[in-house]
Every structure is written in C-alpha cells, then in structure tokens.
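Each chain is listed here by its residues.
Protein chains: 4
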Amino acid sequence: MLLLMDEREDTYLIKGDSEFHCRFGFIKKEVLAAAKPGDILESNTKHKFRVIQPGMPDYIGKAKRGPQAVLPKDLGIIASYTGIRSGSRVVDAGVGSGILSMYLAHIVAPQKLVAYEVREDFAEIAKSNFKKFGVDNIEVKIKSIYEGIDEEELDLVSLDLPEPWLAVEPAYKALKTSGYLTSYSPSINQNARFMDALQSRFQSYTIETLERRWNMDAVRPSTQMIGHSGFITIARKLY
Amino acid sequence: MLLLMDEREDTYLIKGDSEFHCRFGFIKKEVLAAAKPGDILESNTKHKFRVIQPGMPDYIGKAKRGPQAVLPKDLGIIASYTGIRSGSRVVDAGVGSGILSMYLAHIVAPQKLVAYEVREDFAEIAKSNFKKFGVDNIEVKIKSIYEGIDEEELDLVSLDLPEPWLAVEPAYKALKTSGYLTSYSPSINQNARFMDALQSRFQSYTIETLERRWNMDAVRPSTQMIGHSGFITIARKLY
Amino acid sequence: MLLLMDEREDTYLIKGDSEFHCRFGFIKKEVLAAAKPGDILESNTKHKFRVIQPGMPDYIGKAKRGPQAVLPKDLGIIASYTGIRSGSRVVDAGVGSGILSMYLAHIVAPQKLVAYEVREDFAEIAKSNFKKFGVDNIEVKIKSIYEGIDEEELDLVSLDLPEPWLAVEPAYKALKTSGYLTSYSPSINQNARFMDALQSRFQSYTIETLERRWNMDAVRPSTQMIGHSGFITIARKLY
Amino acid sequence: MLLLMDEREDTYLIKGDSEFHCRFGFIKKEVLAAAKPGDILESNTKHKFRVIQPGMPDYIGKAKRGPQAVLPKDLGIIASYTGIRSGSRVVDAGVGSGILSMYLAHIVAPQKLVAYEVREDFAEIAKSNFKKFGVDNIEVKIKSIYEGIDEEELDLVSLDLPEPWLAVEPAYKALKTSGYLTSYSPSINQNARFMDALQSRFQSYTIETLERRWNMDAVRPSTQMIGHSGFITIARKLY
Numbered sequence: 001m002l003l004l005m006d007e008r009e010d011t012y013l014i015k016g017d018s019e020f021h022c023r024f025g026f027i028k029k030e031v032l033a034a035a036k037p038g039d040i041l042e043s044n045t046k047h048k049f050r051v052i053q054p055g056m057p058d059y060i061g062k063a064k065r066g067p068q069a070v071l072p073k074d075l076g077i078i079a080s081y082t083g084i085r086s087g088s089r090v091v092d093a094g095v096g097s098g099i100l101s102m103y104l105a106h107i108v109a110p111q112k113l114v115a116y117e118v119r120e121d122f123a124e125i126a127k128s129n130f131k132k133f134g135v136d137n138i139e140v141k142i143k144s145i146y147e148g149i150d151e152e153e154l155d156l157v158s159l160d161l162p163e164p165w166l167a168v169e170p171a172y173k174a175l176k177t178s179g180y181l182t183s184y185s186p187s188i189n190q191n192a193r194f195m196d197a198l199q200s201r202f203q204s205y206t207i208e209t210l211e212r213r214w215n216m217d218a219v220r221p222s223t224q225m226i227g228h229s230g231f232i233t234i235a236r237k238l239y
Numbered sequence: 001m002l003l004l005m006d007e008r009e010d011t012y013l014i015k016g017d018s019e020f021h022c023r024f025g026f027i028k029k030e031v032l033a034a035a036k037p038g039d040i041l042e043s044n045t046k047h048k049f050r051v052i053q054p055g056m057p058d059y060i061g062k063a064k065r066g067p068q069a070v071l072p073k074d075l076g077i078i079a080s081y082t083g084i085r086s087g088s089r090v091v092d093a094g095v096g097s098g099i100l101s102m103y104l105a106h107i108v109a110p111q112k113l114v115a116y117e118v119r120e121d122f123a124e125i126a127k128s129n130f131k132k133f134g135v136d137n138i139e140v141k142i143k144s145i146y147e148g149i150d151e152e153e154l155d156l157v158s159l160d161l162p163e164p165w166l167a168v169e170p171a172y173k174a175l176k177t178s179g180y181l182t183s184y185s186p187s188i189n190q191n192a193r194f195m196d197a198l199q200s201r202f203q204s205y206t207i208e209t210l211e212r213r214w215n216m217d218a219v220r221p222s223t224q225m226i227g228h229s230g231f232i233t234i235a236r237k238l239y
Numbered sequence: 001m002l003l004l005m006d007e008r009e010d011t012y013l014i015k016g017d018s019e020f021h022c023r024f025g026f027i028k029k030e031v032l033a034a035a036k037p038g039d040i041l042e043s044n045t046k047h048k049f050r051v052i053q054p055g056m057p058d059y060i061g062k063a064k065r066g067p068q069a070v071l072p073k074d075l076g077i078i079a080s081y082t083g084i085r086s087g088s089r090v091v092d093a094g095v096g097s098g099i100l101s102m103y104l105a106h107i108v109a110p111q112k113l114v115a116y117e118v119r120e121d122f123a124e125i126a127k128s129n130f131k132k133f134g135v136d137n138i139e140v141k142i143k144s145i146y147e148g149i150d151e152e153e154l155d156l157v158s159l160d161l162p163e164p165w166l167a168v169e170p171a172y173k174a175l176k177t178s179g180y181l182t183s184y185s186p187s188i189n190q191n192a193r194f195m196d197a198l199q200s201r202f203q204s205y206t207i208e209t210l211e212r213r214w215n216m217d218a219v220r221p222s223t224q225m226i227g228h229s230g231f232i233t234i235a236r237k238l239y
Numbered sequence: 001m002l003l004l005m006d007e008r009e010d011t012y013l014i015k016g017d018s019e020f021h022c023r024f025g026f027i028k029k030e031v032l033a034a035a036k037p038g039d040i041l042e043s044n045t046k047h048k049f050r051v052i053q054p055g056m057p058d059y060i061g062k063a064k065r066g067p068q069a070v071l072p073k074d075l076g077i078i079a080s081y082t083g084i085r086s087g088s089r090v091v092d093a094g095v096g097s098g099i100l101s102m103y104l105a106h107i108v109a110p111q112k113l114v115a116y117e118v119r120e121d122f123a124e125i126a127k128s129n130f131k132k133f134g135v136d137n138i139e140v141k142i143k144s145i146y147e148g149i150d151e152e153e154l155d156l157v158s159l160d161l162p163e164p165w166l167a168v169e170p171a172y173k174a175l176k177t178s179g180y181l182t183s184y185s186p187s188i189n190q191n192a193r194f195m196d197a198l199q200s201r202f203q204s205y206t207i208e209t210l211e212r213r214w215n216m217d218a219v220r221p222s223t224q225m226i227g228h229s230g231f232i233t234i235a236r237k238l239y
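Chains as they are written, first to last, in the numbering used here: chain A, 1 to 239; chain B, 1 to 239; chain C, 1 to 239; chain D, 1 to 239.
Hint data in this document are derived by calculation from the structure and do not stem from the laboratory.
Take the hints with a grain of salt, since some may be wrong.
If chains are identical, the list can't say which one is meant, so a pair holds when it fits in one copy or spans any two.
As the list claims (entries may be wrong) - Mimicking DMTMM-like on lysine to aspartate or glutamate, the simulated pairs with C-alpha atoms at most 20 Å apart in a straight line are:
1. Lys173 to Asp39
2. Lys176 to Glu124
3. Lys36 to Glu153
4. Lys176 to Asp39
Use the sequences and the hints to build the structure in full.
What follows is the structure, given as structure tokens:
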C-alpha cells in the first residue's frame, strides 16, 4: 500500500495496483508501481503528492469508523496498561469496525488474535478491512462471546460490547491467572455495571483520557477537541 | 519475579529468591519458591498476600521515576501513533529512569533497542533497572545523541531530552523515510523549538493527554489527578 | 479584615483587632490598626508581611471547607450561566461550609439571600463564617428545603444537596417563570436522577469544568490538579 | 426583549416590537406584545414557541462573537477570582465583540464600566450590541489603553488584548492597591510575556479551564467539546 500526501496534508491510502484518481486528477499505474517512500508524484494536473510508506497508524486513521470508534489514545491505553506484546494470546470481542482488533493483532503478531462478532454483516465489513490493510493474523468467529470463549490461558480479553458484564464469566474462565480483561464503553453506567460483575475475582480500575492537539504556530491548544470517546476499565484476574 | 498484593491493594514486586520482609512480617524463601499466580501467602503475622504474575505494567509502576517520568498514557501514545511492534528498529535517547526504553524494548522484542545516555551515572541506574526486571534486549550507549546516531534505517527515534532540537539532524540521518521521530518534553516551549528544527523534512503535530481515574463506588471522577506529564510531538520523516 | 502575605506567598487572614501571632513571631495590635494595603509589616523576628485588602476570593480561600467544597471555577459557572446580579432573589439550599451562599450573597447584595440548612450544627458553623467575614445579607433558615420554600418569584434556587431531586417540586413553585434552578453534585448519578425529576417543566443541561494552573517559569502546566469537584446542572423553569 | 424557544430547543432572541419571521412562519406583532414568560405562541404554520424572559446569559449566547470570544466559563473565572460585584470600579480594554464588557457591566451595575477600544469600527459594533441588549452602564472610549487610563482607584482592569504587557504600566497606575488586573489570551506565550511585565508589583497566576457537557440520556460526556478558548492570568496589585 501507499500513502499519498499533498501539500495541504490531505492523505490518500491506496493499493497502488491501479490508476489513482482524485479531484486533483489522476496518476498512472506504472508511476505508482515505481514509487518509493519520499518520492514526489505529480498528477496530470500537476498536483503534487509525497509518497509515504503507510503503517498501522495510517490504517487506523483511514478505516471506516462508527461514532464511538476506539481512538489511538485508547488503543495506547489498552496496550500500555496490559503490557501485551508479540506472542500475547488475545481475544477481542465486539469487533465493530475492527480497529481495536487490527491494532492488537499488529502488536501480538505473529500470534493469531481471535475476534468474536455476533453479527455476520459486521464481521464481513471487519474482514474486508483486515484484508484491505493486509492484517492476516486475525481469526474472526461469528459467535457471541456471552455464550463462551473457546480459547484458554489468554493474556487479554478485550471487550467493546453494549453489555460487557455478560462477558465476565466466559472471560474469567478463558483468562490465565494474572491475565487482563478490558472493557471500553461510552457510558459510565456500563462501566459501573461491568465492575459490579467482576466481583473480587478481579482487581480493577476505570479511566478516561482526553487528548488535545496544539497549534504550535500560535503556541496554543487547538479549538477543536473530542470531548469523549469511551471509559476504559482495566481488570486483572486475581485467582 | 513475583508481585504480592495485600487486601488494601498495596503491592510488592520481589525476586522471590530470598526471604520477603515488610512491615507486616516476613515470608520464607521456600514458600515464595513454591508460589504460583493466584495463591494466597501468609506472613508470620497472618497478613495475607495474593500472588500475581508481574509484567511490564508492574515494572513501569515499580521503577524508580523522576518528577517528570513518562506515564503509561504517554507510553501508549508513542506506541499507538508510531505503530511500533515486534521487530521495529528503535533508538531511544535520554534514558533517564529507563521507563520509556523498557516499554519500547518490550514491544520491539526480540529486536534489540539501542538507548543513548550521555551521563554514565544515569546509564548505570537504568542498566540496573533493566537487569532487575529481566529486560535483556536493550543496548545502552554512553554517548550524546546530539553527536550522531550509529544505527541506520530506523523505524523510530524517541527523544526525552532537554534540547531535543539538537537531535533532529542526527535523527533525520538515521531514520528510514516514513519513519518516526518523537519528542517528550514537559515545557511547551521545548516542543515549539523542536518543531522549528524539524523544518519541512518532517510532518508533525504536538499533543498532550490528560488521564482521569473514576471512583466507581460513587460513580464520580477521583479528586486526585495528574495535571501534566509532558507534551509529545510526533514527527514523520517525509523524504 | 486584613490579609497578610509573606515572601513565600503564604497568607494569613486576620481581623486586625488583636495581636497577630504565627510561627514567624508576632505583630502588635497598634501596628495592625495603623496598617494600610500595600504596607510591609515586620514581626518581632523580622519576618516581613505585605498588607492586602481582602475580599470575597480571600474569604472563599480561607473558609473551612469540606472534601467536596464548591471551588471558584464552579461559583463562576453558576454566576455566569444564571446571570445573577445585584438584586437577584436567591435561595441557596444545603449550606454546608457556606461558601456558595457567601459568594452568591456577595453578588446579589444588598438583596438578602435565604439559605436553607436542615442541620442545626452546620447552620451554626456557616453563620459563624458569615459573621467572621462580614457577610450580613444572608438569612439562615433551619429547615429542609424538601418540605417547601417560603419565598416566591425567585430568580435562582441553588442546590448542594445529597438528594436534589426531592427539592425540584418546592423549587418549581418558588421560582418565577424563566428563573434558574442549579444543582451541584459530586456523583453523575445524582445529576441523572435530578434531571429525571425536572421533567419537561425545565430546560436543562449538565456540565463539568476542569481547571489547570500553569507554571509560567517553565511554561508548562502544573503537575498538581484537582480531578473533580462536582457536576453542575443548570435548569430553567419554562412555564 | 423576548426569547422564543421551539421544541427542538432552537432559540430566537427578539425585540418583540415588530412581526417575527423565521423559516417556520411568522408571529404577529400584537401577539408578541401580549406574550408573557411561559406562554406558548404559534406561528401561522402552527410551529410552537415557548416564551422565555431573557437575561445576560442569553445575550452572551446570542451576541456576535469572533473566533476567540470569551466563553461563560471564562467570564465566571474572572468574576469569581476577582470578587467583583455591584459598585466595583472596572475598566475593560480590548472590547472586541463586547461580551466581556457586557457581562462585567451587568455585575457592577449601577456603577458605570469604562471600555477602551482603539478601533472605531469595533467600538461601533460593540456599542450597537450594548444598545440592542439594553446594557446602559458602559462608557466606550475610542482610545488605546497602552497610552494611559483616565480612571483611578479601580478594583479591576480587565484585558483582552494582543499585547497585554503594554497595558501593565497604565493599569498599575490606575488600580487601587489590592485591586486586580486580568488578562485573557489565546496563546500561552502572550501570558508568559504579560507575567514578565508584571514584576514583583503584582502577585499572579495563570489558569485555563476546560468545560465539558454531558449527555445525560446516555450518562456519558458529549463528543463535542471546545478544546481551548484562552489562558487567564489573574494578577493583584501588591503596593
């Protein structure tokens, strides 16, 4: 894949195996095939594009996302507070747009991540995203995690579900002792009910983060800011 | 290593190869040697401790940290916005307490991370931390990154330095095209000066995050909160 | 009253009608009696104090406050979103430490503010605060606002109560049409239940504010920050 | 004036002395003249509007505002940290859209507030706002505050200027001892330079506030949030 960025920092993530078209003209397939990171390509209308080697942050930015999609700040929280890494055994439930699954799979590779999604249509969209971005270590199961987890001795069960409390029992069974269970929910009440379900078998805490960009030309924070994505509960299986 | 947690959730990170002593009594070496995650151990004074299998988040929490130590929220930001993973080639400069190096090394393992630290005393402390926590894929160089980077084709150069702008030139040379340069600074003016030095060779933005814990018994945010750790600039080498 | 501030910006709010004693020595009554704002006074140990003319912000800062006291940022929110001013007719319920009553009374003066407090011991403490700081336009009623409000055609009913929903009915009756009802609660669930009780008779919204101080020597935010005081619901009587 | 609010909580602030027209039809002048707060009026297309008695918060919400207009949270901060009230002597400089002047004038009434504005065109717009909203205790001077303040013994000098440091000297002269000087600036560097100019004659601190609304149906914060308005420095004349 290639990321093309023009002078206004608008970006286009493309496969590069066919002609590229946008409102600033087109670039031929042969030109794209020969492009290397750092090159400047010109469309037929002389609009200039810098070629960038894309990676997971670009895929996350370009994936289709619902209104409450997991943001990079939240992906980072889940990664840093659970300590997952290459080889970690992870089940992700409530695949949705697939962003969280993709990010976690990218970290645990070459280990396979198993993603549970009860709705077949959602699963299809997620699978097409994984294919598009070349993420090949996710196995999608069309199944409700509320009904059980097939995997065992997991390092992390990650939830992005409307009723995460229903997944506590299956997750408890599937996790190894000292493993992590995380839940991402927009509403604080969902987190409250989830924590109730954890009981004393887990140690847990709930956090939220706010991210603010700065306009460094004026040395002031940007006016635009996202006020909320979700609350994240981090729980650890004690016994 | 073992993490012992008592009923008040106070934790003790120990090697487990000698008798454990704290103000609640002691636990014998043989008992620790036989302990498995999930067990409850009792001190001679009947104080109870749950055994937890520790990991990187615990090491980060227990490492000696200066006043402006990188927090998990910031580690997560650097990980998620740069997309580093197993195998990524990373140089970390300004090792300090070694927390950022440890976290990044844990992600990129088995790849070796190279850590630059100009002060020999700091380097010694960091090295003893790495050894203590069993992080064996960090090579520490006693050298100022301002004078050059020996490594090439890097995916990430990560800076936690008082004058990060002096490292831009060496980082530019050592990074592969489309690779990332990040800088973590407490003062916004350091970030402003750093961004000036990047020039048009990098695309960049500066962010800060605030993390707030919630008291879920009362369903209210905690009163205590850290108001600031550092501003993070994420830059990407364009050509 | 006089505010004395030493070189470390530690402050002392005193009546000035008797000798002043602190750990840095004492200042005689006659010296205090002759002091004018801007003067520098010296204790017998040569410790220097600047004389400042105190006002409401100092009284707020020096009043004894409970763990969830209303902060200046919250006082300001209530003032600016309700538009109260000299002459506004206000009832404040749940006097507590009396800070909110004092601030509102100071704004509406010379109009009298009526403060409802069900606990006689709290009322006594608040009254002694009002007397100490010379706030003479507050009438304290030892009465539960849940049982009714004697006043009519009010511009604002301000609540800082554990069960604010029980005060909605009395407040509705006592407010003039287009008047304001505000509630300050630490827990978001209290706000949710309060909003349910408002029904369609009120237009309402809930906000929270975070205040951060900056260390301008380093041009960075302060590390210390209060993560939460309370959520404020602003409601307006529609008919 | 009248505030009309329809069922979607869209509001219209009108004088009520002529027919009201909007995209939902019109309401006749005679109907408006007879309307009382709490009434429901119907347009010719049967669109319903609730009549609300407007006040300063509505005027602030409806005034034309530039990109960095002072928000209610900031108005509240200035009011609560300086303790201004009816009778306080205030000069406001850098009138701009006039929002800060209007709010401060509303608090200090019947005392007159003096507003300095160097640009005649801005002053005209502000004056037409004051007239429109019936704020009659503001005297606008077409004059740069950098060249001096005619008033004396002020309780507050409030600045919203691009170079607030140039106003420190005139403000120092015009303030009474223990009076307040505040400055509102979007850029942190403006605040830093302003604080440098204050020297030891003032005690000062810089704060920023973030305001977040909650969606109480879902018990979650709103996604939309303003990331920054301005930094506020509160300074107090010491001698």
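Intra- versus inter-copy proximity for Asp39 and Lys173 (alpha-carbon distance at most 20 Å): between (52 Å within a copy, 17 Å between copies)
Given a CA cutoff of 20 Å, do Lys176 and Glu124 count as a within-copy pair, a between-copy pair, both, or neither? This pair counts as neither: shortest intra-copy Cα distance 30 Å, inter-copy 35 Å.
Given a CA cutoff of 20 Å, do Lys36 and Glu153 count as a within-copy pair, a between-copy pair, both, or neither? between (43 Å within a copy, 14 Å between copies)
Evaluate Lys176 and Asp39 at a C-alpha cut-off of 20 Å and name the case that applies: within, between, both or neither. Intra 48 Å, inter 13 Å, cutoff 20 Å: inter-copy only.
The structure fails to meet hint 2 from the earlier list, while all remaining hints are met.
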